[in-house]
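Undergrad: Now for the letters of each chain:
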Amino acid sequence: MPLSFVETMRGWMRDERGLDFPISFELAALRVERGRFAVRGLIAAPPLTPEAPGRGTLDIGVGSIAYHLEFPSSAGQRLYLDATKHPSLLAPLRSMTHMTATITEDSGRAIASGTMTFQLADLPSFAASWLPGIRSARLALDGRRRQLERLVLTGPEAR
Amino acid sequence: MTSARRSASPNRLRYAAQPGHVESYFIRANDPARPRAVWLKVTVFAPLEGEAQVESWFIFFDESRPSPVAGRETARFRAEAFTPAGGRDRASACRLTLTLGSHGSARGSVRAATGDAVVDLTWIPGPDAISAPLSLLRGRLLQGGPFPRSKLLTPFPALSLSGHIDVGNERVVLDGWPGMQGHNWGREHAFEYAWGQCLFPATEREPDTMLEGFTARVQIGGRTTPRVSCLVVQRGDRTFRFDRLFDLWRQAATLEPQRWTLRMRGTAGEARLEMDASGRPMACLGYRNPDGTTRYCENSKLARVRLQVQPRRGAAFACESAHGGALEFLRAKKDPRFPDIL
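As you go down the protein sequences, you meet chains A and B in turn. Residue 1 is where the first sequence starts when you use the numbering used here, and the numbers rise one by one after that. Residue 1001 is where the second sequence starts when you use the numbering used here, and the numbers rise one by one after that.
Since the hints were made in silico from the structure, they are not lab data. Where is the CB? At the ideal position from N, CA and C, for every residue including glycine. Treat the hints with caution; some may be incorrect.
Stated by the list, open to error - The following label-pair restraints were derived from C-beta to C-beta distances:
hint	chain 1	residue 1	chain 2	residue 2	range
1	B	Ser-1064	A	Ala-127	55 to 65 Å
2	B	Lys-1334	A	Ala-66	33 to 43 Å
3	B	Ile-1341	A	Met-96	57 to 67 Å
4	B	Asp-1247	A	Ile-60	55 to 65 Å
5	B	Leu-1142	A	Leu-3	42 to 52 Å
6	A	Leu-120	B	Ser-1064	49 to 59 Å
7	B	Ser-1102	A	Gly-143	42 to 52 Å
8	B	Ile-1341	A	Leu-93	50 to 60 Å
What the hints assert, rightly or not - From the derived model, a few chain A residues whose C-beta atoms are all more than 10 Å from chain B:
hint	residue
9	Ser-4
10	Gly-18
11	Ser-24
12	Glu-26
13	Ala-44
14	Pro-87
15	Pro-92
16	Glu-105
17	Thr-115
18	Arg-138
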């Protein structure tokens, strides 16, 4: 069975007008090849979007862990979240729990940037999600994601 | 109403015929489509010296008018005006009667500059999830003990009001306007506060949400406390409380002439609130204290509101209202921006 886990990260972003907004994602990651995971889950970045389905990749390389997620805005636009951690032995805890993040449009223009963090209080559930027999978190997340995908697809984009 | 039910009712009268008491019941409703709102209040005022009085208050806020239409009347206190009727609490002052409950009414009139403002309103509960009675003060000690000296309760945080009010030559029809009912009492008004409340209706993807909060300073032993803040957000069936009053390291508030901002952190997560009545109709009310001093309440019901929450568990969310925020500032000094005090 391929390696998998569920991870939640949260933070604050700042848009082009200088206004802050909260962001969070909860992702189920499934290893597809060495160093790469496919991720699917839920992302919330109001006012760009309330909780919405997102999907993308997580790449683990030497010195970096990079997330690339695609998600729909409430206006039906495609948006992308790119975020990277830079693990460091000099600051292991901070480097593994903090990452800078950017949201871009289809054109590549950055519309917001900020920081996301992994909260240590989530560590037990995160650690448990790696265990082969523990699938409840991923199943619950998949259920909510599918529900939202149906809702989003019946919205303006589908009409 | 049985005596047991009466003693448990959040709207039961706390005034015990002793000097040194202020108590008020208020209702507000906002037009969901346009920047208009109505606010009604009945007050019991018992000075340290002199006989107890009641007051009725009325304000109609309409951004299309040059200023709010406001009125106030005063009369002697009569205990029978506060006895329950038909199983519901009642608060009656001068010519205005509030029949309080989840299904209640406000009927009567209040003299205003434009002539009598006539009120004929009824209400029913709002969405279930956000309608449960709310106390910002957590715990029996704060709710019933000697501190703080002024108490607040929201028996009905979400109501739907219908009926009409007549203001001058205009009849304003309310058809399911969202609103709320509050109840405050104590030995005096607080030294200073900002208080806000707002309802955000559900959308296809988001549940009904309600917020209420304050930033306040009170006086203890002749000294004024630092600002302490509290915020409660009810979103669907989830409650986010940021109510550790003296956890000053996790709260930051700013009080500007017409704008209040709040940042709170706690076990529920992090919340950021901005309520702004700049450029919106605002009335200034003189609130008498039993000791003869006066506080000045700058009252708007049309504030812009922006709420952002990063919960400890669950997805981040944000709510905005263009003109649905009830925002009040209580100040120790009169602001020259308000030449007329109600």
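Undergrad: Now tell me if each hint is right for this structure.
TA: Status of each hint after checking the structure:
1. B:Ser-1064 x A:Ala-127: 55 to 65 Å: Since Ser-1064 of chain B and Ala-127 of chain A have Cβ atoms about 59 Å apart, the given range 55 to 65 Å holds.
2. B:Lys-1334 x A:Ala-66: 33 to 43 Å: Given a distance of about 59 Å, which is not inside 33 to 43 Å, the answer is violated.
3. B:Ile-1341 x A:Met-96: 57 to 67 Å: The hint (57 to 67 Å, Cβ to Cβ) holds, given that Ile-1341 of chain B and Met-96 of chain A are roughly 59 Å apart.
4. B:Asp-1247 x A:Ile-60: 55 to 65 Å: Check failed, 39 Å falls outside 55 to 65 Å.
5. B:Leu-1142 x A:Leu-3: 42 to 52 Å: holds (50 Å)
6. A:Leu-120 x B:Ser-1064: 49 to 59 Å: holds (53 Å)
7. B:Ser-1102 x A:Gly-143: 42 to 52 Å: violated (35 Å)
8. B:Ile-1341 x A:Leu-93: 50 to 60 Å: holds (57 Å)
9. Ser-4: Nearest chain B Cβ is 21 Å from Ser-4 of chain A, so the label holds.
10. Gly-18: Holds, since 14 Å exceeds 10 Å.
11. Ser-24: Check fails; 4 Å does not lie beyond 10 Å.
12. Glu-26: violated (8 Å)
13. Ala-44: Non-interface label fails for Ala-44 of chain A: nearest chain B Cβ at 4 Å, not farther than 10 Å.
14. Pro-87: holds (24 Å)
15. Pro-92: holds (24 Å)
16. Glu-105: At roughly 20 Å from the nearest Cβ of chain B, Glu-105 of chain A sits farther out than 10 Å, so the non-interface label holds.
17. Thr-115: Non-interface label stands for Thr-115 of chain A: nearest chain B Cβ at 12 Å, farther than 10 Å.
18. Arg-138: holds (17 Å)
Violated hints, in rising order: 2, 4, 7, 11, 12 and 13; the structure is consistent with all others.
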